[in-house]
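K.L.:
Given next are the chains, with one letter for each unit.
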Amino acid sequence: MKSSSPRSLQTVVIVLVAIGLVVLALGGYFNPVTNWLTRITVNAQTWVSGRYMAIVDFLTVPRDVASLRQNNAQLEADVARLQTQVIDLQQQVTETNILSALVDFARANPEYSYKAAAVIGRDPSPFLRYVIINVGSNEGVLPGMPVVTDKGLVGRVDAVISEAARIQLVTDAASAINIRMQASNTEAMLVGSITGDLSLDMIPQDANVQVGDVVLTSGLGGNYPANLLVGQVVSVRKLQSELFQQAAIQPNVDYNRLQYVLVISNFKPVDIAPLIGTPGP
Amino acid sequence: MRRAILTAIPVLILTIILQTSIASRVMLLSGNADLVLLVVVAWGLQERASGAWIWGIAASLLVGLVSGVPWYIYLIGYLSVVGLARLLVHHIWQAPLLVMFAVTLIGTLELLILMFIHRTLLEIPLALSEVFFQIFLPTILLNLLLAIPVHALIRDLANRLYPEKEAV
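For the record, the sequence lines run as chains S and D. At position 31 of the first sequence (counting the first as 1) the number is 31 in my numbering, and the numbers step up by one without a gap. At position 56 of the second sequence (counting the first as 1) the number is 56 in my numbering, and the numbers step up by one without a gap.
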């Protein structure tokens, strides 16, 4: 009995101290201490975990590098393949846009029938502004047929073989086309040059030519259909001492970047040479 | 001779394809390189290679088929550069690149002058100064720039076709 009393008292004291600590903890009185302990513990665990992972990395690096290299090579191959696909698709989109524009042009001008062709080359001579297309007499293309794009006049067929044809561009120095200016209804002669620039000649002195006037084919001479768009006037040169005015033209078509063209296959050029005759005595 | 013909046709057709599809589109002002001329000159400078005249004739006929310039202009131009190349290669043989440059320069000038005369005879108005600065100078520059690589390629081709015989 004597020996159990102090033990009971000790138990009661411990229980009371424990209850007191719990109450203090629930009251938030130990928060600074627990925060400090938690921070130390987390830092210690972070350090230990970091060292452990470093050791694991060190032990497994050779195997991972080989795997990474393999993955990298695979990814690089995938990137190269996808880049090729992107380029192919961009090319297809560009071609589709061009062909779509050509189809729109053909629909807007139903009076003509067309043969679509790709431009596959240029004349080797720097003196000539000719291009080569991939349709020829097998497709019904004949010399003299006009060639256009959705943006306007390109030129005319100069020579044909079975599978290809050579086109003389309107920018060729030997090209001369009868045109009219839409605003003033003035007729003139469109001529090319070795530099590829277009200009108008034979404009009457009394004609009122303005910058921005739209230039269309007139159809005179029988080589081209009427009303095909050529370009716009960008400058006018008028000298009283000369018989005619001259003008520089900004073509609507970029002749250096021709990719696809339309050959107007139902237009028959008229050869007026026999009607011109020779001067009499 | 048969080997020269069999080699000339595919090489020249390939050259013309490259010329019309690439070289003629790469313009400096209004001039462009003449790969066919360079190939004909380079072949004419290969001492062991035979059939240089055949190369000149074949080149002029093939280019004449493609170009708006008549074939006889190319025939005169290419045959004369072959003749010049064969003449010079026996005199300045120690410096083949120098001969390549010289024949390229003279051949380009000659061909361009022939084309200019032809266009002038057709009464196409061409200003000489414009032609000189827009066509002559850029074309000569491009041809001279391409002379070295074309010469190297053709020399390799000739060496493969006509290997040097070892002295016994």
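Treat the hints with care, as some may be off.
As the list claims (entries may be wrong) - Just a few of them, taken from the derived set where beta-carbon distance is under 8 Å, the chain S residues facing chain D:
hint: 1; residue: A54
hint: 2; residue: I55
hint: 3; residue: S125
hint: 4; residue: P126
hint: 5; residue: Y130
hint: 6; residue: I194
hint: 7; residue: T195
These are calculated hints, taken from the structure and not from any lab test. Quick caveat: nothing in here was measured; it's all calculated off a predicted structure. Cβ atoms here follow ideal geometry from the backbone N, Cα and C, with glycine treated the same way.
K.L.:
Work down the list of hints and note, for each, if the structure agrees.
P.N.:
Taking the hints in turn, this is what the structure says about them:
For A54 (chain S), the shortest C-beta to C-beta distance to chain D is roughly 55 Å, which exceeds 8 Å, and the interface hint is violated. This hint is violated: I55 (chain S) has a C-beta 58 Å from the nearest C-beta of chain D, more than the 8 Å allowed. The interface hint given for S125 (chain S) holds, since its Cβ lies 5 Å from the closest Cβ of chain D, which is under the 8 Å cut-off. At its closest, the beta carbon of P126 (chain S) sits 5 Å from a beta carbon of chain D; the interface hint therefore holds under the 8 Å criterion.
Nearest Cβ of chain D to the Cβ of Y130 (chain S): about 5 Å, under the 8 Å cut. The hint holds. The closest approach between the C-beta of I194 (chain S) and any C-beta of chain D is roughly 6 Å, which is under the 8 Å cut-off, so the hint is satisfied. A cut of 8 Å between beta carbons decides the hint on T195 (chain S): the least distance to chain D is about 5 Å, and the hint holds.
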